[in-house]
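Enquirer: Each chain, letter by letter, is given below.
Protein chains: 6
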Amino acid sequence: MGINLLKAGDNVLEFFLLKSSVCRTSSNNKKYLDLTLVDKTGEVNGKYWDCKTEEVETFQAHQLVKVQGVVQEWQQRLQLKINKIRIALPEDNVSISDFIPTASEDPQAMYKVIWRFIHEMTNEDIKKIVAKMVKSKEEQLMFYPAAKENHHAIIGGLLYHIKTMLLAGEKLAEIYGGINKDLLYAGIILHDLSKTDEMKAGPIGLITEYTVEGQLLGHIIQGVREIDQTAKEVGADSEVSLLLQHMVLAHHYVPEYGSPKRPMIPEGELLHYLDMIDARMYDMGKVLANTAPGELSDRVWTLDNRKLYRAHLESKKESSPEE
Amino acid sequence: MGINLLKAGDNVLEFFLLKSSVCRTSSNNKKYLDLTLVDKTGEVNGKYWDCKTEEVETFQAHQLVKVQGVVQEWQQRLQLKINKIRIALPEDNVSISDFIPTASEDPQAMYKVIWRFIHEMTNEDIKKIVAKMVKSKEEQLMFYPAAKENHHAIIGGLLYHIKTMLLAGEKLAEIYGGINKDLLYAGIILHDLSKTDEMKAGPIGLITEYTVEGQLLGHIIQGVREIDQTAKEVGADSEVSLLLQHMVLAHHYVPEYGSPKRPMIPEGELLHYLDMIDARMYDMGKVLANTAPGELSDRVWTLDNRKLYRAHLESKKESSPEE
Amino acid sequence: MGINLLKAGDNVLEFFLLKSSVCRTSSNNKKYLDLTLVDKTGEVNGKYWDCKTEEVETFQAHQLVKVQGVVQEWQQRLQLKINKIRIALPEDNVSISDFIPTASEDPQAMYKVIWRFIHEMTNEDIKKIVAKMVKSKEEQLMFYPAAKENHHAIIGGLLYHIKTMLLAGEKLAEIYGGINKDLLYAGIILHDLSKTDEMKAGPIGLITEYTVEGQLLGHIIQGVREIDQTAKEVGADSEVSLLLQHMVLAHHYVPEYGSPKRPMIPEGELLHYLDMIDARMYDMGKVLANTAPGELSDRVWTLDNRKLYRAHLESKKESSPEE
Amino acid sequence: MGINLLKAGDNVLEFFLLKSSVCRTSSNNKKYLDLTLVDKTGEVNGKYWDCKTEEVETFQAHQLVKVQGVVQEWQQRLQLKINKIRIALPEDNVSISDFIPTASEDPQAMYKVIWRFIHEMTNEDIKKIVAKMVKSKEEQLMFYPAAKENHHAIIGGLLYHIKTMLLAGEKLAEIYGGINKDLLYAGIILHDLSKTDEMKAGPIGLITEYTVEGQLLGHIIQGVREIDQTAKEVGADSEVSLLLQHMVLAHHYVPEYGSPKRPMIPEGELLHYLDMIDARMYDMGKVLANTAPGELSDRVWTLDNRKLYRAHLESKKESSPEE
Amino acid sequence: MGINLLKAGDNVLEFFLLKSSVCRTSSNNKKYLDLTLVDKTGEVNGKYWDCKTEEVETFQAHQLVKVQGVVQEWQQRLQLKINKIRIALPEDNVSISDFIPTASEDPQAMYKVIWRFIHEMTNEDIKKIVAKMVKSKEEQLMFYPAAKENHHAIIGGLLYHIKTMLLAGEKLAEIYGGINKDLLYAGIILHDLSKTDEMKAGPIGLITEYTVEGQLLGHIIQGVREIDQTAKEVGADSEVSLLLQHMVLAHHYVPEYGSPKRPMIPEGELLHYLDMIDARMYDMGKVLANTAPGELSDRVWTLDNRKLYRAHLESKKESSPEE
Amino acid sequence: MGINLLKAGDNVLEFFLLKSSVCRTSSNNKKYLDLTLVDKTGEVNGKYWDCKTEEVETFQAHQLVKVQGVVQEWQQRLQLKINKIRIALPEDNVSISDFIPTASEDPQAMYKVIWRFIHEMTNEDIKKIVAKMVKSKEEQLMFYPAAKENHHAIIGGLLYHIKTMLLAGEKLAEIYGGINKDLLYAGIILHDLSKTDEMKAGPIGLITEYTVEGQLLGHIIQGVREIDQTAKEVGADSEVSLLLQHMVLAHHYVPEYGSPKRPMIPEGELLHYLDMIDARMYDMGKVLANTAPGELSDRVWTLDNRKLYRAHLESKKESSPEE
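Listed in order, the protein sequences are those of chains S, L, B, C, U and W. Start counting the first sequence at 1; every next residue gets the next number (UniProt numbering). Start counting the second sequence at 1; every next residue gets the next number (UniProt numbering). Start counting the third sequence at 1; every next residue gets the next number (UniProt numbering). Start counting the fourth sequence at 1; every next residue gets the next number (UniProt numbering). Start counting the fifth sequence at 1; every next residue gets the next number (UniProt numbering). Start counting the sixth sequence at 1; every next residue gets the next number (UniProt numbering).
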């Protein structure tokens, strides 16, 4: 039974992933473990009372555990009172990837899509810069999310975000023929790549914190520097390097969101809107999936605090072009 | 020779369209005609001195004229000193459409594209509302521009704007499968339709002024009202009517630009970005067409006062899907 | 004894109105009712422990109940620990209107004031539009508040707000003679009328939630549409209809508060200020009534987070002209 | 014939007031007088060529002159080419007050209205402070305008502004009975009184410049200081003094317009709105008087750059209560 | 052991200062004291259960007490469960100044630095005004903090802030030779002096609340008034008085922070930046003292919600010029 | 006679520097040179009529010329009607540096001050980075201004700005002992160094335009990249490099002015304020030097559109520490 279906009074005997684990002391001076348990459907707080010292060592974040307990309500939130807990064993046949939200496509498949776009580039300088930077981030791309809390905060989310934007960009470039496709695709691939330097993602693919360099400079500036460096290393034309740096610098569009310059080339303008569309379609889809037809959602912080409305109108879904 | 190629000292013997014509009195008490002459490439001021009373009557705005004169520079701007001027005659074989900037496609052809999208709609209520509103604006759609000064301020510009957004929307709906296509296409077709009630366009397809109703309400509110009315007339489902009204109301996205509500459905969100992309690609293309490779343009007011950069990189143009 | 006078330790045996009632489960797995009890003086939280299933059914929101219990302090707030609770009986001789805050005047009397102003209108078109719209809302006007949380959030508050603004508008029209009184009075009467479509008010006259249409359009747009429709139905002059729509559209004055246009006629300008004055005098009066002379109030959210000061100066109250 | 009726080609023989007079040198090294001529209906630029040195001395600002000349158009503005000019003589029987816009009521009569309100005050401290401050400004009140360019920029405009606000405040205090009338009337009388210290008004009642103190402090701060000082001199209660200072300090309502504090008493809140209403009704009336029915005005800078609309609807004017 | 070192489970037998003391009633109807205990290192909440009526009288805010209890964790915060408590006795040899954070220098010594600057002033008017105002605040300067929560919220903090700014101003006046030192030093000394009228500081030097006058006017306006008054009393030149008033009025630089005017003299401009530098260096130093090398701090509200970074680089501290 | 002293009617026979030279055609089809003539005191427009083709070639921007002509007034501005003009000859003994505004100190002397600070740095990594970057810009530092229009827009202005900030920073580091001097001095030296890459300065030391890279990235981003690159080349510690990049990135303080991050270390905070103080003291000094005692200046665009006031108070000037 998924965490999102738990209700007060339920007896639980399930596997969960520990997202965090802290040992605390109660007001009557007893030690207990204050746990955050997750599965693909959500997360719930758990209390394991009267824990022993060795248990504190054992039950660390990112461990898979089996838990027996009962669901209670405390201050209007659900909480799992844990009676028994143990580390998952090989014979349990459970794996971390069963417990954390993951992009709906295989990372390797998405990674190949990106390379298809790189291979099709006709400007050799752009191709070399992008190829070199993507290769250097290959390992992180297999699991990094696209953001800490907002859109695509899932395993492989960054890759999924890039891949979808490429497909959308390919479509719009058919309509707006004056666009330089090499520039557009390069901008899409590179725009958020330095998030892997700005944030630290633990083995379970969720951002745990920002790096010091990420805090003092930010992924936009880190990205600009890295393009500059890479372009010099591959001996690229200076205008090509400048245009790519400019696109990354400008893709947040306004200073308040980190872009000191607005796009001064059409490919940069389009990059910004493709980024917005992809983030918003993802976030809205996620919210509406949890909203009943005819109902309004709660206010959503990542959507400028808007409520969304799920219409009764039947959605005519079309299969995505990749499927 | 196009107006954009004139330089001081040139002798001119050409046809032009009069965009405006005002009779003024000089400091030595002589009457003269102060004219704005246009062709497809630009506009230039002209002075016709010592004009007679009957000439003031004859040379009105929107007339085609033949002019003989010389180009001079006055206060760093070019000016045409007109020696002779007459109304164009049938045997001159010139027509207004040769003198004013026009969308690159035939209005009837673009109008058919819109109807293709209407015919493909599966929700009968949406189809009825859109069909009725489009029919009622058919005449204006043949020549209305999409704006007074910004993007698509050309004959047939509104139709061109709608058509291009539909094609782009069709593409993105392939990528973002959860989108209701009927809603999206309806929103695109209706979003600016009431500009024909907000502004007055003269026979030459350029906005001359706002209507009183346009000033006191604005095309967004006018559009919402008209959808409400039309939906009642065709007996449409109330949610369908509400969703279409909401999309038009929210398509400018922020209150400062006239939308009291932000989009609360994904189709409304996408409508906003398609609108922005189409306007920006048009405006940027127009500016860059007049900018030399390696140069920066002047600041462009309609692009938030940005300069644009025309790269040396060869643009790989692709033919548009309609061609 | 009113709720505002309760203090920790008091034994209570009183009638209250249930504003809300939720069944919860405690950490030791016992069911209890978590109640909000109100009377005219305020509200207090109540806990009724170990409730039976049939009691959960019985004690629903908007019921009048008799309660026996004791007042306790928990986390610095008062709470009523309920020992006994029963539904009020006919022989108890209590009615809902004794338990909820109500405008200080009889709805019927206030409604008559509005009709006096309508009857005095000399422009027949304005009179017909206003009369038709007021009649169609007569039922709701008898109990709707003027807002969900801010000013006049009391039974009949909307009617009270309109009536007071009419009296104030009548006075100012004596000073500013150029004002068209018909327009001004019509604007006052119509400006918030569509709040009855934007929000749902339960039988006890308090707003419980927004309607979907209210969320997607808002009462300003709803009002504009309705005037447009009504004017067509009564065959009114188109300028009259336009002016009334404009006044409603512009009465919040700035886009951030929902008005895409600012008032472009003096009657619209005056409407805005009369609305502000009436809301502010009401809110300030309410805050100062609970502030001791020489003291500052807490920060008041509905007053831009200001504190108010209650002066020692004796207030020279004058009787209102209606009394 | 009033200046507002002049058109190119008119021959003029009229008296005017010189608002400004500057001697300039033309490009062919000839001296000429560059004059601003005003009457009650407007102002026009005039050029008097080949002026003699003694004429430069003679024709100074604020002189009444008789002028013979012809109206010409230069750079789309009208200009008066002056052939003859002389100082007005006693026997011409013209006076400055015939040539400058003046409040529609006699200063002495308006001044008496203010004293009626002072005499009716029941709080002796408030009465003493207000009486002392008004007496000390009596001379300036006879001619000061209420602003440099905005509302009431006419002779006696400050007095007219105060008087009208008092009458309106008196009306609203009947509706909002909790208002302390003494405070409200005192706030109205004092709120702009220090404009006489902030700006210099020449003998013709138009603001010519700001004082150094006005620039470095501003009339709001100057007013607060003066109330503080006056209250000490008359031995007033300290709370009375504080409340009056606070009302003046807060009457512009927001920091960007010079009020570091928002009103914290209802009388201060009402003062702000009365000030806004009076300024706006004046400015709007002035604009609409020059706008034809069914037309929109130009954008008006002092009205947040709005256009106004003059409706066809017949205005039902009422006589003002003072008449 | 300092409060900052307490951890759950510790047994405590220490002296503390009571910052606040409130008697509350628990859910089982028992009275208890809810205390805030402070020492120089921090503060902690304490609960003293089953207190007697006379104890409520005894243990008031600002008392020094000796406490025996145990540290517990409740809702993730530490809390002191108090078993025994008594008032500190003379023989305990503890004094309030041992328990509250204090400026690192002796108030009398800092006060002398201020007088050194006053004595060196060459403009007699400025010297007289400053000397009179400083003398009148001598008592408060011995303990007032510079702010309620932000920078220098310590005993003697206001004096420390003034003194450090004077020393920094003296240095910069060497670099920027055009600065009038008398004006600059006077501005520094006077700029925040009226905080002693705006806020009430209890005997332990911490701001407990704002005065009514402080709320209705604010220390900037209070300061301007007092300079005006003092200048008149000492017969100072009116420009001198105006310049000092202007400097105090403008020192917050922008309207949103309380300055209706920006500095219009260089000394006022420099005063603003010296104020900012001194506040920021103090706040940043305090945050970094609690941050480990290589770590980021939490977000700091008084620093525009920034995080700070403590570098590994060894700080090369220099002794301050006064030491 | 300096340009600032010219008045209409003056006969002129002087040397000037040509800042710009454009050949135009008059309305009667005659060619003329439209010149901007400068000396150290200001600039004036000049017209040289009926110029020959070879003269157009000869009189180019940045040439020194000798001119004979007469000063006229045209549209209220002075203009020099040139009768004779020739290129300055060696025997005229005039040099460009006599005609353009220059920093008051010798570039070589200021450059030495900078090296004194570099030599005193104790952190070898910081010293190496700064030394390498300064050496690479040595040539440009000899003449670059600090800005295009604002502060220090004079020959050598950038060097003067850096030098003065270093001296001020040295002083404040004595007061605020916790500051790391190496970091602070490095930040000061590097903060604007990339302006030499952002803008092009002609041989006469005035910015003529921005570079393409300057427009697409800006000097802040260019500076960050260059520090990154240089630090790698000299093998500096990565934290040192990061801190310097962060200081440059953050020195404009707010996103709207180009800094995506605010300073997160005290040295960065201080750098920002030293930059502001130096720019403001320079600009204010320049404005007040042209303002009479007791007068207000015009509004100054670079000072947020403020007017300044020049006090009567005698300025007690001190010699600067370097003199």
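If you are wondering where the hints come from, they were derived from the structure by calculation, not from laboratory data. Careful: at least some of the hints might be erroneous.
With beta-carbon atoms standing in for the labels, derived distance ranges [what the hints assert, rightly or not]: (1) U:E91 <-> S:E43: 52 to 60 Å; (2) S:A109 <-> W:W301: 27 to 35 Å; (3) W:K132 <-> L:R299: 34 to 42 Å; (4) W:K132 <-> L:K7: 35 to 43 Å; (5) C:Q140 <-> U:S20: 49 to 57 Å; (6) U:E14 <-> S:G285: 52 to 60 Å.
Here a beta-carbon is modelled for each residue, glycine too, at the ideal position from N, C-alpha and C.
Enquirer: For every hint, state whether the structure bears it out.
Expert: Hints, one by one, checked against the model:
no. : hint                          : in the structure
1   : U:E91 <-> S:E43: 52 to 60 Å   : 57 Å, holds
2   : S:A109 <-> W:W301: 27 to 35 Å : 57 Å, violated
3   : W:K132 <-> L:R299: 34 to 42 Å : 37 Å, holds
4   : W:K132 <-> L:K7: 35 to 43 Å   : 51 Å, violated
5   : C:Q140 <-> U:S20: 49 to 57 Å  : 54 Å, holds
6   : U:E14 <-> S:G285: 52 to 60 Å  : 57 Å, holds
In this structure, the hints that do not hold are numbers 2, 4, in rising order.
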